[in-house]
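Novice: Line by line, the protein sequences give chains S and A. Counting from 1, one number per residue, gives the positions in the first sequence under this note's numbering. Counting from 1001, one number per residue, gives the positions in the second sequence under this note's numbering.
Check the hints yourself; a few may be wrong.
Claimed, not checked - Mimicking DSS-like on lysine-lysine, the simulated pairs with C-alpha atoms at most 25 Å apart in a straight line are:
| no. | chain 1 | residue 1 | chain 2 | residue 2 |
| --- | --- | --- | --- | --- |
| 1 | S | K229 | S | K204 |
| 2 | A | K1015 | S | K360 |
| 3 | A | K1009 | S | K360 |
| 4 | A | K1165 | A | K1093 |
| 5 | A | K1155 | A | K1165 |
| 6 | A | K1108 | A | K1157 |
Said to hold, decoys possible - Just the calculated beta-carbon pair ranges, DEER-fashion:
| no. | chain 1 | residue 1 | chain 2 | residue 2 | range |
| --- | --- | --- | --- | --- | --- |
| 7 | S | M359 | A | Y1059 | 18 to 28 Å |
| 8 | A | L1010 | S | E268 | 55 to 65 Å |
| 9 | A | I1033 | S | A382 | 38 to 48 Å |
| 10 | S | G273 | A | L1010 | 30 to 40 Å |
Worth flagging that the hints you see were computed from the coordinates, not collected in a lab. Because the structure is a prediction, the values reported are computed rather than measured. From the three backbone atoms N, C-alpha and C, an ideal C-beta is built for every residue, glycine too.
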Amino acid sequence: MNTLLEFIHSDLFFMIWTTLAKSAGLLGVVLVLVSYTVYAERRVSSLMQDRVGPNRTGFPISIVGSWLGQKKWKDWSPILGGLGQPIADAVKLLLKEDFTPAYVNKFYFWIAPALGISAAILALAVIPFGSSLGGVDMVIANVDIGPLFVFAISSLGVYGIVLAGWSSNSKYPFLGAIRSTSQLISYELALGLSVIPLFLIVGKLNLVEIVDYQVKNGWMLLPGITAGKLPTLQQVACWIPVFISFLVFTISMFAETNRLPFDLPEAETELVGGYHTEYSSMKFALFFLGEYTAMITGSAFIVTLFLGGWHCPFIPDGSAHWWWGLVNIGVFFAKVIAFLIFFIFIRWTLPRFRYDQLMKLGWIWFFEIALVNIFLTALIVAFVH
Amino acid sequence: MAYQVPRPKLTFAEKIYLPTVLAGLKITLGHLIRMLRGKTKVCMQYPEEKWDANLPEHYRGAPTLVSDEHGRTRCVACQLCEFICPPRAIRIKPGEIPCEDKFAKVEKYPEAFQIDMIRCIYCGLCEEVCPEQAIFLKKEYAITGTSRAQMMHDKTKLIEMGGIKPGLVNKWNEKK
Chain S
1 MNTLLEFIHS
11 DLFFMIWTTL
21 AKSAGLLGVV
31 LVLVSYTVYA
41 ERRVSSLMQD
51 RVGPNRTGFP
61 ISIVGSWLGQ
71 KKWKDWSPIL
81 GGLGQPIADA
91 VKLLLKEDFT
101 PAYVNKFYFW
111 IAPALGISAA
121 ILALAVIPFG
131 SSLGGVDMVI
141 ANVDIGPLFV
151 FAISSLGVYG
161 IVLAGWSSNS
171 KYPFLGAIRS
181 TSQLISYELA
191 LGLSVIPLFL
201 IVGKLNLVEI
211 VDYQVKNGWM
221 LLPGITAGKL
231 PTLQQVACWI
241 PVFISFLVFT
251 ISMFAETNRL
261 PFDLPEAETE
271 LVGGYHTEYS
281 SMKFALFFLG
291 EYTAMITGSA
301 FIVTLFLGGW
311 HCPFIPDGSA
321 HWWWGLVNIG
331 VFFAKVIAFL
341 IFFIFIRWTL
351 PRFRYDQLMK
361 LGWIWFFEIA
371 LVNIFLTALI
381 VAFVH
Chain A
1001 MAYQVPRPKL
1011 TFAEKIYLPT
1021 VLAGLKITLG
1031 HLIRMLRGKT
1041 KVCMQYPEEK
1051 WDANLPEHYR
1061 GAPTLVSDEH
1071 GRTRCVACQL
1081 CEFICPPRAI
1091 RIKPGEIPCE
1101 DKFAKVEKYP
1111 EAFQIDMIRC
1121 IYCGLCEEVC
1131 PEQAIFLKKE
1141 YAITGTSRAQ
1151 MMHDKTKLIE
1161 MGGIKPGLVN
1171 KWNEKK
């Protein structure tokens, strides 16, 4: 009994339950964010194309209004009308028949969707999504190899796609898988190399410390100003390589998350459904979830590296008061959402690249730009003080 | 000989994509803002907005049975509509009007009149062929039901939908 009490009061137990709570909380937030990103995608795309979009499946707000006894309750249904859509979609996907074709390789067919989503969710573990809340750091795993972990895990997501295409034993999914592989080898180098300038400047590979650096010295993309002081000469000189690395990294991130203009593995217009043609019901939904979770992970990663993470000028961190910690989490997710909307904007603006164009872009342009950028940054860091 | 498709000569700004990407974003953002400000005309939101007032006079909706000013269903159960109906949606069971009835000289009336609205193709041939001007296509187009039985319009329903249409054919009136 005593040992149990000791265990409950020990630091280990504290760490275990806070980590579990953080994981559960983050997972919940991310899943809700995913479903509403899908909704936002449909709504924003329709607004851009002069359509209305899903505006029917809603929460019965007029009923709430009459229940409150206010007859002249304003009818918000044209604006809030579609907010119930993600729930309806989820129910539909859960209740649909889960059909596995007879000719597929069952083992890989079943494991592929799980791989796709777990890679995307796992990568979130190292991203600091807030400062601290009651003395607990708002990051699930504070590891010293944060970016490497994110690259390693999120690249595993491609296995989901490749396995799905391979095990489906069907032509279109197979073409999707091949394209995904060719896409992987063309963007992955640029993705990894493009952020090295950042690590040269910060000198750390820990995402929490990278954010701390940005809190003290201003965001990477807005140096100095966001820390409330003038940027140093070195920061001004470094702004150009940082901006180049931001561009290359963001574009590579689009390729990594299979978003337009690089959605070659699932190109609906060319490959029926791409790698998930043979999937139905919840297995398809897992791919869908995985894709959007990867979007959120990617946005969170970009926000952490370039846009100051949870930091907002003139707002103190969680050590001041616990509700400032909550505000910091809100700031982080606001930035992520802004970036997600940018993702959506790009998707409905640009046409798809051919995959030889993507390979040319990756190998001939981004790889070289990223390499030159590293040397440029190294020179600036070494000589400009 | 192979035909060489002329490729447009791209400027440097077009080759590095980014300025054109920004131009594209400007276009989509413009559409979004115009939409949010309500300046874009979008499609009619059907159940809330309807176009019923603008339907043309000759609009062909659901076929109905009309009654005259005495409340008598005009149909004399001649079954012409039943015969002409291309999808065979109409079923009529003719009955005899008893001698003591006010309209005894009409002789026949439909005991049962059934239109299967699942089959009906809204062609209007029944209206055209009717010698008594008893069947009319109304402007009702939203014919729905949750079962096949609900989609069978029987006599009472048809008469109710048709309403009264006075002064068309007067040959069955008393004094004529």
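Novice: Regarding the pair K1165/A and K1093/A, is the alpha-carbon distance no greater than 25 Å?
Specialist: Holds - the C-alpha atoms of K1093/A and K1165/A are around 23 Å apart, at most 25 Å.
Novice: Between the beta carbons of I1033/A and A382/S, is the distance compatible with 38 to 48 Å?
Specialist: 46 Å, holds
Novice: Would the hint linking K229/S and K204/S be met if the CA-CA limit is 25 Å?
Specialist: 23 Å, holds
Novice: K1155/A and K1165/A: Cα distance at most 25 Å?
Specialist: Distance ~17 Å between K1155/A and K1165/A Cα, so the pair holds.
Novice: Under the criterion that the straight-line Cα-Cα distance not exceed 25 Å, is the pair K1009/A, K360/S satisfied?
Specialist: 19 Å, holds
Novice: Hint check: K1108/A vs K1157/A, CA-CA at most 25 Å. Holds or violated?
Specialist: Distance ~20 Å between K1108/A and K1157/A Cα, so the pair holds.
Novice: Do the Cβ positions of M359/S and Y1059/A conform to the proposed distance bound of 18 to 28 Å?
Specialist: 58 Å, violated
Novice: Should the hint that L1010/A and E268/S are 55 to 65 Å apart at their CB atoms be regarded as holding?
Specialist: 28 Å, violated
Novice: Measure nothing beyond the straight line between the CA atoms of K1015/A and K360/S; if it is 25 Å or shorter, mark the hint as holding.
Specialist: Holds, at roughly 13 Å.
Novice: Using the C-beta atoms of G273/S and L1010/A, is the stated range 30 to 40 Å upheld?
Specialist: Between G273/S and L1010/A, where Cβ atoms are some 33 Å apart, the hint holds.
Comparing the model with each earlier hint shows violations of hints 7, 8; every other hint is respected.
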